[in-house]
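Chains as they are written, first to last, in the UniProt record's numbering: chain L, 1 to 296; chain Y, 1 to 296.
Calculated directly from the structure, the hints in this document are not laboratory data. Do not rely on the hints blindly, as some may be mistaken.
It does not matter which identical chain is meant; a pair holds if it fits inside one copy or across any two.
With a straight-line Cα cutoff of 25 Å, these simulated SDA-like cross-link-like pairs (lysine to any residue) come out [as the list claims (entries may be wrong)]:
#1 K44 / R102
#2 K260 / P188
#3 K260 / G220
#4 K260 / Q190
What you are looking at is a predicted structure, and each value in this text was computed from that prediction instead of being measured.
Protein chains: 2
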Amino acid sequence: MLQYDPAEREFEGSVIACVQMEPQIGAKRDNVARSIRHIETAAKNGASLVVLPELSNTGYVFADRDEAFSLAEALPDGETAQVFAETAQRLGIHIVAGVAERAGTRLYNSALFTGPSGHIGIYRKLHLWNNEHLFFEPGNLGVPVFDTRLGRIAIAICYDGWFPETYRLAAVQGADIVCVPTNWVPMPAQPGDRPAMATTLTMAAAHSNGMVIACANRVGTERGQPFIGQSLIVGGDGWPVAGPASGDCEEVLYAAIDLKRTRSGRTLNAFNHVLRDRRADAYHPMLGTGLPSSCS
Amino acid sequence: MLQYDPAEREFEGSVIACVQMEPQIGAKRDNVARSIRHIETAAKNGASLVVLPELSNTGYVFADRDEAFSLAEALPDGETAQVFAETAQRLGIHIVAGVAERAGTRLYNSALFTGPSGHIGIYRKLHLWNNEHLFFEPGNLGVPVFDTRLGRIAIAICYDGWFPETYRLAAVQGADIVCVPTNWVPMPAQPGDRPAMATTLTMAAAHSNGMVIACANRVGTERGQPFIGQSLIVGGDGWPVAGPASGDCEEVLYAAIDLKRTRSGRTLNAFNHVLRDRRADAYHPMLGTGLPSSCS
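Using the sequences plus the hints, can you model the full thing?
So, in C-alpha cells, the structure goes:
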C-alpha cells in the first residue's frame, strides 16, 4: 500500500477508492445517482476499484419488513445492479456496493461486485446487527474470494468485521483485499477522543492476515440512528494508508494497491509468516465446523 | 473492569497486576528474586492475580540451545516454579509467570500458573517467534482455561496474540481473563508516534471476545534486541483500563476485575452477543482442524 494523492496521479498501478456518503432512506434512485457521480469522480482520479457503503441504494433504518421488501431487488438483475454494472463497464473499473437483496421471499443484506466485464459475484452479510434480524436472513454464501486482475478480493459487511473468522476465511482462501461496505454506528463505551473501535478491529485484522482492508462507511442520521463515518483503508501491515475520514462529511478516500508488497509483507522474518504460522493442528474444531464456503 | 488506584484501595473485588520488568539473561536467581519483590509490592497494593513477562526467570535472547537448556527447568517441580508457588501460597494470590520449561530433552516457552492452594497448570506457547524455533518446541497443550475463584483464566504468550484463534479458543471455552506474559519487540512499519501494534491486537481481541486481557511485557535491550514495554490491561469492551505503560521503565499496572460487568458486557443489545453471534455453521473447517485442546 502506498499513499495516493489524486492531484499528483503519478502512481501507475491500481488504486482503490472508498466512497463515504449519506444515502437517504427509500430514495433509491437519488442514492444510486449520487453514488454514480462519486464513482465517476473516483474513476477520473484514477481509481480502478470503488467501494460504496452498506445498503448504499436503500438507506439503512427500515420502518418494517414491508418497506425493506419493497426496496430490495434481485441480484444481479435488479435495476441498481444493472446501473452499477453499466457504470463499471463504461468506466472500465470494479465496484463493490452494499445493496438490499430480494431472493424470492427472502431478504439479504448483500454486496454486489461488478467489473469491466460485467457481474462478478455477490456476498451476503453473515453476521446481522440488531434490528437487521427483523428484515434479513443471515448470509448463506460463506466468504467467497473473487479472482480479479487487481488481486484476489473478498467482501465483508459492517458487523462481520467484529468476527476475526470473517477475515481469516478470506485470508486462508488467498484474499489480498477485503472490501467492507459498512454502516458503523456509535459503540457503547467509545471514548470521544479516540478513533472508533472499528478502526482498531480493522487494523488488527489487516495486520494479522497481511491483507488490505478498505472500509466505506456512511454518514448522517437516519430516523434517529447516527452513523460515524471514519471510513478508512488499511495496508497489509495494519497501519491506515487513507483515513480515518471525517465523522460527518461525504468524501472519497484513495490508496494505491501494491500487491507484491502486500503479499511479500506476510513473511516477517526467516521463520515467521502471518498465515503459515497458524496452528490449525491445535485449533479446536469448534472454531469452524461448517461446509466449505461457496467460492466463485 | 474498573480503574484501580492502589493509593485509594477502595475497591473490594479482585485486582489484577501486570509487572513490567527487565530480566537479565542467565541471571535466574536475581530475576526471580526481583520478581518476588514486585509481586510482594503488588500484593500489598491489593492484587490477587499478578502477571509477569515471558521468560521472566531466564531472559530471552539465548546464545544457543545449550544455554537455553541449561537454564530451563521442569514444571512444576523446578526451583523457579517452587519459589513462585511458595510466594503465591504465602501471599494468598495467583501468579502467572513466563518461564523456560524443560520436559525431558524438549524445551518449551511456557507459563506457569500457581495460586493460594498451589500449582494450577501450565501453558506452552503455541506460536513461536523467530529464533525461538532454534530452542523451543511448539506448544502441545492447546489453550487450557483454568477455573479459579477470580474467574476462568487462560494464558497466551507474546506472538500467540497475533493469532485471533488463540483468544477465540480461550473465549469459546468460557475464559473471562487472558493473562499474557510477553516479550514484545519493535515491529516493522511501526510509526514512532503511535501505540504499538500489540496494543491494537490486544484491544481488538478483548472487544471481539468480551474478555479482559492483561499483558506484562519486559523492558530493556538484551544482546542487541530491544523490547518495547507498553504493558497494558484491556477491559472486555476493548478499551485499555491500565497502560500502555512506559517503553523503558520497570513498573506495575493495576486494574480491578469486574466479572459480572465483563460477562454481561458480551450482550450488546436484544439481538447481539459477541460470542453467540459466531457463525460456526459458516466457518470453514480449515479454521480449526485439531483435537480438542487439553483443559485442566
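Results for each hint:
no. : hint        : verdict
1   : K44 / R102  : neither (32 Å within a copy, 63 Å between copies)
2   : K260 / P188 : between (39 Å within a copy, 17 Å between copies)
3   : K260 / G220 : neither (37 Å within a copy, 35 Å between copies)
4   : K260 / Q190 : between (36 Å within a copy, 20 Å between copies)
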